[in-house]
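K.L.:
Sequence:
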Amino acid sequence: MNPHMKLISFLGLMLGTTITTSSNHWIMAWTGLEINTLAIIPLISKSHHPRAIEATIKYFLVQAAASALILFSSMTNAWTTGQWDITQLNHPTSCILLTMAIAMKLGLAPFHFWLPEVLQGSPMTTAMLLATVMKFPPITILTLTSHSLNPTLLTTMAITSTALGGWMGLNQTQTRKILAFSSISHLGWMTIITIYNPKLTMLTFSLYILITTPIFTTFSTTKILKLSTMMVSWTKSPMLNASLMLTLLSLAGLPPLTGFMPKWFIIQELSKQELSPTATIITLLSLLGLFFYLRLAYYSTITLPPNSTNHTKQWYMNSSTNLPTALLTSLSTLLLPLSPMICTTP
23 MNPHMKLISF LGLMLGTTIT TSSNHWIMAW TGLEINTLAI IPLISKSHHP
73 RAIEATIKYF LVQAAASALI LFSSMTNAWT TGQWDITQLN HPTSCILLTM
123 AIAMKLGLAP FHFWLPEVLQ GSPMTTAMLL ATVMKFPPIT ILTLTSHSLN
173 PTLLTTMAIT STALGGWMGL NQTQTRKILA FSSISHLGWM TIITIYNPKL
223 TMLTFSLYIL ITTPIFTTFS TTKILKLSTM MVSWTKSPML NASLMLTLLS
273 LAGLPPLTGF MPKWFIIQEL SKQELSPTAT IITLLSLLGL FFYLRLAYYS
323 TITLPPNSTN HTKQWYMNSS TNLPTALLTS LSTLLLPLSP MICTTP
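All the letters of the sequence shown, read from the start, carry residue numbers 23 to 368 under this note's numbering.
Simulated from the structure, these hints should not be mistaken for laboratory data. No false leads were slipped in.
30 angstroms max Cα-Cα, derived DSSO-like pairs, lysine-lysine: (1) Lys28 / Lys68; (2) Lys248 / Lys199; (3) Lys248 / Lys28; (4) Lys258 / Lys68; (5) Lys199 / Lys221; (6) Lys258 / Lys248; (7) Lys258 / Lys199; (8) Lys80 / Lys68; (9) Lys199 / Lys245; (10) Lys245 / Lys28; (11) Lys68 / Lys245; (12) Lys28 / Lys80; (13) Lys199 / Lys80; (14) Lys248 / Lys68; (15) Lys245 / Lys258; (16) Lys28 / Lys199; (17) Lys199 / Lys68; (18) Lys80 / Lys245; (19) Lys294 / Lys221; (20) Lys248 / Lys80.
Simulated restraints on C-beta separations: (21) Glu296 / Pro260: 45 to 55 angstroms; (22) Ala87 / Leu33: 20 to 30 angstroms; (23) Thr147 / Leu60: 10 to 20 angstroms; (24) Ala86 / His47: 19 to 29 angstroms; (25) Met363 / Ile75: 43 to 53 angstroms; (26) Ser250 / Leu175: 32 to 42 angstroms; (27) Ala86 / Pro260: 40 to 50 angstroms; (28) Glu296 / Thr43: 29 to 39 angstroms; (29) Glu296 / Pro362: 20 to 30 angstroms; (30) Ala86 / Trp106: 15 to 25 angstroms; (31) Leu33 / Glu296: 45 to 55 angstroms.
Here a beta-carbon is modelled for each residue, glycine too, at the ideal position from N, C-alpha and C.
Let the hints inform the model, and build the full structure from the sequences given.
P.N.:
Okay, structure coming up:
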């Protein structure tokens with residue numbers, strides 16, 4: 023890919039994200055989302071493979087439909103209330119339309135079908151951007167409008183996302199699809215607490231980015247695209263694979279790793295809101311995701327293929343792990359002791 027085109031795309035991503043997250047007018051927020059969509063499309067299709075072109079078209083169609091819904095929702099609200107402020111979303115129809123649009127942007131169930139296919143057709147670095155940075159503007163809009171949205175609808179979509187993300191990830195062998203269903207499942211946790219504690223949603227999203235980024239960078243470094251190559255990748259960099267196992271367990275939410283912190287806080291907040299049945303249901307559904315996280319961790323460090331494989335075993339990598347991956351991996355496993363400090367932060 024042309025370096026100038028890559029620079030323009032990354033600058034467009036930063037510009038679109040900044041515009042959306044800093045605006046309080048619907049048209050400016052919509053403009054930032056459109057800039058983001060147009061900036062990421064060249065990064066998805068840069069390989070010119072038919073699978074990448076298919077992923078690009080699917081992504082563009084879904085994002086265009088979601089942007090049209092956001093524009094229609096904001097115009098309906100402005101027509102009835104005279105307000106273009108994001109926080110002044112008061113019309114019931116506009117609230118429902120916006121919830122659907124944000125669900126399409128994020129990949130929440132039942133609008134999740136595009137996310138695994140698009141991530142599978144994208145390069146690993148672009149898939150990391152789609153699963154992390156590209157979700158920041160819609161999450162911001164969701165938290166800004168959380169007081170106006172329908173709690174029953176959001177809770178239903180959150181529980182459905184957690185269930186489908188765990189259930190559909192069980193029989194996957196492609197690592198990018200597994201991480202896509204992991205993203206859907208985590209979005210359910212973020213959505214279910216949005217109305218009651220938007221700050222906790224942003225904390226959960228921040229920790230999700232912190233944990234998911236080193237997983238994607240490790241997969242990119244060791245060229246792991248499916249489980250069969252993960253089984254023989256330990257010879258490339260044993261220490262990197264060992265840290266990958268810990269990061270995957272942290273993403274699963276196992277104590278005493280960092281990933282346990284947001285789940286702990288969300289269950290605590292739901293219990294305070296007298297929603298213990300909802301907390302119980304979403305906790306039990308997260309056990310589905312725990313299975314394929316454990317399978318990934320098991321394949322990455324503990325097992326060798328039980329039979330002959332078509333993949334050549336790789337020699338030890340001479341290049342050392344870069345500093346950002348090492349730093350993010352350390353943070354993604356060691357932040358749980360900071361929980362009391364985060365609890366007391368207003």
